[in-house]
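K.L.:
According to this note's numbering, the sequence shown is numbered sequentially starting from 2.
Wrong hints could be hidden among the right ones.
[Said to hold, decoys possible] Calculated lysine-lysine pairs in the DSSO-like style (CA-CA distance at most 30 Å, straight line):
1) Lys153 with Lys163
2) Lys168 with Lys24
3) Lys168 with Lys120
4) Lys174 with Lys120
5) Lys163 with Lys120
6) Lys153 with Lys168
7) Lys49 with Lys24
8) Lys153 with Lys120
9) Lys49 with Lys174
10) Lys174 with Lys163
11) Lys174 with Lys153
12) Lys24 with Lys163
13) Lys168 with Lys49
14) Lys163 with Lys49
15) Lys120 with Lys49
16) Lys153 with Lys49
Please keep in mind that the hints were generated in silico from the structure rather than gathered at the bench.
Quantities reported herein were computed from a predicted structural model and do not represent experimental measurements.
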Amino acid sequence: MHMAQHVFLTGSPGVGKTTLIQKAITVLQSSGLPVDGFYTQEVRQGGKRIGFDVVTLSGAQGPLSRVGSQPLPGKADCRVGQYEVDLASFEQLVLPVLRNAVPSCGLRHRVCVIDEVGKMELFSQPFIQAVRQTLSTPGIIVLGTIPISRGKPLALVEEIRKRRDVKVFSVSKPPGNRLPWGHIPAPATFLSCLLWAVV
2 MHMAQHVFLT GSPGVGKTTL IQKAITVLQS SGLPVDGFYT QEVRQGGKRI GFDVVTLSGA
62 QGPLSRVGSQ PLPGKADCRV GQYEVDLASF EQLVLPVLRN AVPSCGLRHR VCVIDEVGKM
122 ELFSQPFIQA VRQTLSTPGI IVLGTIPISR GKPLALVEEI RKRRDVKVFS VSKPPGNRLP
182 WGHIPAPATF LSCLLWAVV
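Turn these sequences into a full structure, and let the hints steer you where they fit.
P.N.:
Here is the structure:
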């Protein structure tokens, strides 16, 4: 039986994928496992969401997108709905993390968090290449998120779904919107799958 090496969460926006990723990071770090990577978080102003930031696990933070922003002169218009993607900021923060994802000396595995592989992030061709490279690097376990399939398929997302070394868990909101584990089928299976891969 072929066992998954990488673990991804999928689900609708706002369902709590990043919350689950953060909980998993805590579990992994408490187990003494080396974890690096990045996640995205909402940016709010006056109670309204104005965009998203990228946050690396080393503590660096910068804009991924903002509402109503305009591209710099001569730059491509990378827009998803009302959000303009800041490719330069995203690549400056994320690419070094992915490119430096190598197993630690003396350790069998290292976890690399990629939250997420979505429309905004996929404007970056270097990011696409870096994700593929990270998924194929021996000793690296990817813990990531991908959007649900709807509308026009995203090539890299579908590629990830079809990989034999990837296990995808679907996340949905529970009754009462309880967090963090009430809305993922068999959370113990999710964690055991992840821990099996890295131990």
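K.L.:
Taking the hints in turn, state whether each one holds.
P.N.:
We went through each hint and held it up to the structure:
About 17 Å separates the Cα atoms of Lys153 and Lys163, which keeps this hinted pair within 30 Å; it holds. Distance restraint check for Lys168 and Lys24: the Cα-Cα separation of roughly 18 Å lies within the 30 Å cut-off, and the hinted pair is therefore satisfied. A hinted pair counts as satisfied when its Cα atoms are at most 30 Å apart, and Lys168 with Lys120 qualifies at roughly 21 Å. With a C-alpha separation of about 22 Å, the suggested pairing of Lys174 with Lys120 holds against the 30 Å cut-off.
Restraint check for Lys163 and Lys120: the C-alpha separation of about 18 Å stays at or below 30 Å, so the hint holds. For the hint pairing Lys153 with Lys168, the CA-to-CA distance comes to about 22 Å; that is within 30 Å, so the pair holds. Restraint check for Lys49 and Lys24: the C-alpha separation of about 25 Å stays at or below 30 Å, so the hint holds. Only pairs whose Cα atoms come within 30 Å are accepted, and Lys153 paired with Lys120 is accepted, the gap being roughly 11 Å.
This hinted pair checks out: Lys49 and Lys174 have alpha carbons roughly 22 Å apart, not beyond 30 Å. Of the supplied pair hints, the one linking Lys174 and Lys163 holds, its CA atoms being roughly 25 Å apart against a limit of 30 Å. Between Lys174 and Lys153 the alpha-carbon distance is near 24 Å, which keeps this suggested pair within the 30 Å criterion. Only pairs whose Cα atoms come within 30 Å are accepted, and Lys24 paired with Lys163 is accepted, the gap being roughly 26 Å.
Our distance criterion of 30 Å between C-alpha atoms is broken by Lys168 and Lys49, whose separation comes to about 34 Å. Simply put, Lys163 and Lys49 have alpha-carbon atoms about 36 Å apart, too far for the 30 Å limit, and the pair is violated. Proposed proximity of Lys120 and Lys49 is supported: the alpha carbons are some 21 Å apart, at most 30 Å. Only pairs whose Cα atoms come within 30 Å are accepted, and Lys153 paired with Lys49 is accepted, the gap being roughly 28 Å.
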